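Student: Build out the structure end to end from the sequences listed, making use of the hints.
Letter by letter, the chains look like this.
Number of protein chains: 2
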Amino acid sequence: MSRTPTAAPVDDPCVDDPSVVDSEQLKRVLDGRHHGLREEIRAAHDADWFTPRLHVDEQAHQAWVGEAMQRLTRTPHQVLGFPTAYGGADQVGASVAAFEMLALGDLSLTVKSGVQWGLFGGAVQALGTQVHHDRYLPSIIDFSLPGCFAMTETGHGSDVQGLRTTAVYDPAAEEFVVHTPEDSACKDYIGNAARDGRMAVVFARLVTHGEDRGVHALLVPIRDEAGVTAAGVDIEDCGPKAGLAGVDNGRLRFDHVRVPREALLDRYAHVAADGTYSSPIASANRRFFSMLGALVRGRLSISGAAISATKVGLDVAVRYGQERRQFSDPSTGEEVRLLDHPSHQRKLVPAVARAYAFTFAQAALVEELQAGHDGRLDQSASRRLETDIAAVKAGATWNASRTLQTAREACGGAGYLASSRLPELRADTDVFTTFEGDNTVLMQLVAKNLLTAYAAGAAGGLGAARTLVRSLASRVADRVRVPWPTDVLDPARQVALLREREEHVLDGLARRLRAAVSAGADPTAAASAAQDHMQVLGRAHVDRLLAVAFDERVRSCGEGADAGPTADLLARVRDLFVLSRLEEDMAWFLAHGRLGRADARAVTRHVDRLCAELRPHAVALVDAFGIAPAWSARTTTTGGQQGLAA
Amino acid sequence: MSRTPTAAPVDDPCVDDPSVVDSEQLKRVLDGRHHGLREEIRAAHDADWFTPRLHVDEQAHQAWVGEAMQRLTRTPHQVLGFPTAYGGADQVGASVAAFEMLALGDLSLTVKSGVQWGLFGGAVQALGTQVHHDRYLPSIIDFSLPGCFAMTETGHGSDVQGLRTTAVYDPAAEEFVVHTPEDSACKDYIGNAARDGRMAVVFARLVTHGEDRGVHALLVPIRDEAGVTAAGVDIEDCGPKAGLAGVDNGRLRFDHVRVPREALLDRYAHVAADGTYSSPIASANRRFFSMLGALVRGRLSISGAAISATKVGLDVAVRYGQERRQFSDPSTGEEVRLLDHPSHQRKLVPAVARAYAFTFAQAALVEELQAGHDGRLDQSASRRLETDIAAVKAGATWNASRTLQTAREACGGAGYLASSRLPELRADTDVFTTFEGDNTVLMQLVAKNLLTAYAAGAAGGLGAARTLVRSLASRVADRVRVPWPTDVLDPARQVALLREREEHVLDGLARRLRAAVSAGADPTAAASAAQDHMQVLGRAHVDRLLAVAFDERVRSCGEGADAGPTADLLARVRDLFVLSRLEEDMAWFLAHGRLGRADARAVTRHVDRLCAELRPHAVALVDAFGIAPAWSARTTTTGGQQGLAA
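Protein chains in written order, with my numbering: chain E, 179 to 824; chain D, 179 to 824.
Hints are computed from structural coordinates only; laboratory data are not their basis. Quick caveat, the model's predicted, so the values are computed rather than measured. Backbone N, C-alpha and C fix where the C-beta goes; we use that ideal spot for every residue, glycine too. Misleading hints may appear alongside valid ones.
Claimed, not checked - Coverage of chain D stretches by chain E, computed from C-beta distances (three or more under 8 angstroms per stretch; other residues unrestricted):
1. 482 to 493
2. 722 to 736
Said to hold, decoys possible - Label-pair distances were calculated between CB atoms; the ranges are:
3. E:Ala-241 - D:Ala-404: 32 to 42 angstroms
4. D:Arg-787 - E:Arg-249: 53 to 63 angstroms
5. D:Ser-322 - E:Arg-249: 50 to 60 angstroms
6. E:Asp-665 - D:Arg-692: 24 to 34 angstroms
7. E:Val-338 - D:Lys-626: 16 to 26 angstroms
Tutor: Below, the structure written as structure tokens:
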């Protein structure tokens, strides 16, 4: 395996030629720091990597994915995040960008590679120590040791602390005994398990000296090199799924399986030969969350993959809307292109704007992830990053489901045919909303973290003063019944509206919980009763993150007098993104006196106007996603298999 | 084939036992007039009709559907709508109810049967005359003549008037020449075409004496009895689709195919031997819409099927939410059932309420359909029925997509496995939103029809006065900035709110279009610019229809002092339905001064409360759907194929 990890980040290529809107320039803006790497991958992957596999059954699809994995090992891109010493480049940000590029193609391959290098390899890297790295990373990287990430159980997915698989230490043998005590403790939906996996990172309750030390991760062989299932391990195929047919998801059951003491991934906890347990982190709870925190890259990767799949769907639907005509214009007698119908613009143009917004927010988080990897983030910044990754993952995956559904409907019957790729995209990404963290649970995590930071701020000096001022301002605004008209086209005001909403919701939630607890409620019960409030907060946080990231990106390209046409176009896409979000959540802004009824009408008017103004640029806006035609079957208006445009 | 069409409608069985909430009683309320027929079908269809076909490829699934179609011919239920003389019962309402029952099982079988008996048979019945009925209905009914409904073309789906296939009359031979003049005129996505169909009702531009008479329907043989494709006909399989793998969708191309003069379905237009064209309807436009109007049963059937599939999904998800536990309650140490988490209730309980609302609205339309079939509707009532069917079809199919998606996510990874049935339900129903009328286009049709009725009302005496009063009231309300608090729990007020919104939107739209036309705009251009306004009107119309139908059903079960627990429960389900709709569209009610900020808070509070109050009844509420466990694979918390509960 020859590997030259040259794809180092390049400088941000946001240059502007003041002459004309150029999708190549827009592409550079969207590609961001990793433009060079992305272009390298675009050049390296031909149609063979991407063409949808029509008529292929699960077995054949899984076999194809297996071969494609081998081909991937001959390029450096997917393993850039591993340490340089083992053939990587220590570039976790670049590895996420490479994963995003892969996700423009076959999503089964994408998820399979994510299981191998992101989850399995990532866990060995992040939770293991030198001995595990030396022994396993090379064969993980070259895929000669296919592995699984066995965390979820049938009865425990979101509540990882409640896992029931046990790993009891036997000092006599210096071994752990890994066991599945009940049906609902089977490891379930585990990628790479049904066909290929030879080893699994198994999350289990560690028991030493009879004491439950909480959930830890151990390496457990599940098959030998010949593919024979290990003794005491039972593997069952999960059977057909909604999508991702090329991924071999399975169910694992352990019957007192013995692994050596070194099987414990011991970065956060060590078990001595005699069974003495020690950890660099005293609090069991903090230890557990440090362990999970080390795994956020997987979550950010899924977010990126969801954004990529969304772009492919929009690429297909926008081109179809451009080609396909329906209903005659009586003034010309000509049939009207779908995209010239305002109701069609309303479906697709704001969706394109959302894809831009998520791209910029994702890029900002990828930067932060690399900063964390390089040790440039302090503890509070790390925690903020975890919060924001959870938020954007939930937002991006829900947005993928929604947008791909819209894209499918916008292509009518043609969008229902597998040849359009839309059914596959929709079905493959569907599980993204509930794996790598169930979105609803992630939003509660976001809210909880924001509350924690808020409480910390309230306890501090300056923070407390600011909080108080905001809280008062919120209450005052809440009483103002006829709000002043606001300039909804002022970008600063747009971002401020979304920021103020988040602060208001956070402040209201904090007050609600405080009041409940003061009145004698159990804090968990109080939080449980406020779940819907927490969801609102999570979504408000996502919107704010997206608006800020988009706005910063536009500013970095120049705005106002010195803006070229690309920057100007981008600014209008940002306006459309923010205004269509305001329009969707107008009830909140009206009910809380943040916008008035005249504003509400103005927002809708501007959304209509921006959809019409951006419509002539719709194809350029999706061209900028940089999806080579060969990668994506495109539904055309003439139909049939010939309908896959070249 | 022995057939005893005994399943005559029974009296409405809404009796109430004042002792306890009984899902059997709720089932009778939901079943409505056709309770007896539904029970008969429940008894007749065992698991073999319904068990999801895991691991089955398209060919095998299509073969199974073919066999099941043969089995269906041995029961009378699906063909109750055909004339008694041919073995039916002249009960179109009952035929829709039977179709709804079938849709609790395999949706490929459902759609296949709908193509054969609803679309193909329905077109022969509604557009043909005695000669066609005598010659074809018996073999359509016993499925010895499988047929297609070839309306949609690759380039023309929603715009049926723009179809390009031609049928040119040749007086010398007394034949029509059916021809596909261009690629985009291929008949596309045609069910029954790729494998089984032997004849097609082909919609084509009729040309006689060189004159284009508009779109008409003709019977064109496409295969002989041995299954050999007819000369001049080219048939292509549409290939894999998102769902409905058991339906053989194909693409038809005609190369100057000759059919005899009697092939024209001539209820609305006749061509004499010499080519003289005549019609009982003078206006070409009215003739065309009469023809389409005769086919609304198909649309109502899809609406019913969507509602059935939604119920199956809710049945699966509610039971899973009842069984599966996640996160411990610190006060008890016990893990909490998913359905006891408020955020989970918020996902599923309002969705159950929506399923109830759609069921009642659908039942009301089925009654009207039968009334129309019996000649009991005048022209304006018929037109209103067409409008309402379009509205409820769009609403019910969008609701199916949305609710099945929610149900899938509410089951997490288990919901992604085919064994849960949710992926199949989601994928199979997906195309419902764009076939039998694209929903967006249907909503525009609804708005257009409402505008026409409004204009007719405005032109008349009383109507005009009422319209003027309403219009003034709307404008006044629009200026009232601080609306009075309203009793959102008063059912009359709830319905009034939704009715007033519809009237306000309709009035505003009418004024907008009038103003545009007065200012010199072309009427089509003005309507095009107002497409989004028309969508809002269509959705407002759906909400009003649902609320009225639900409210009437509750009233018919008794309310207030004399209400038993079932009626009381139903009233709370209605409240939840209406309030959650108000909550979702709160922006409109606030922006138009129909509800105030205190109302908005009250609505959210009541939705929260009703979710919690109805939660203990969640299983009873889905039990009342009457889905036998054997029909529906249910995902359990222990996973695996064993996870299909008996």
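Student: Compare the structure with each hint and give your call.
Tutor: Outcome of the hint check:
| no. | hint | result |
| --- | --- | --- |
| 1 | 482 to 493 | violated (count 0) |
| 2 | 722 to 736 | violated (count 0) |
| 3 | E:Ala-241 - D:Ala-404: 32 to 42 angstroms | 38 angstroms, holds |
| 4 | D:Arg-787 - E:Arg-249: 53 to 63 angstroms | 57 angstroms, holds |
| 5 | D:Ser-322 - E:Arg-249: 50 to 60 angstroms | 53 angstroms, holds |
| 6 | E:Asp-665 - D:Arg-692: 24 to 34 angstroms | 32 angstroms, holds |
| 7 | E:Val-338 - D:Lys-626: 16 to 26 angstroms | 54 angstroms, violated |
Hints 1, 2 and 7 from the earlier list are contradicted by this structure; the remaining hints agree with it.
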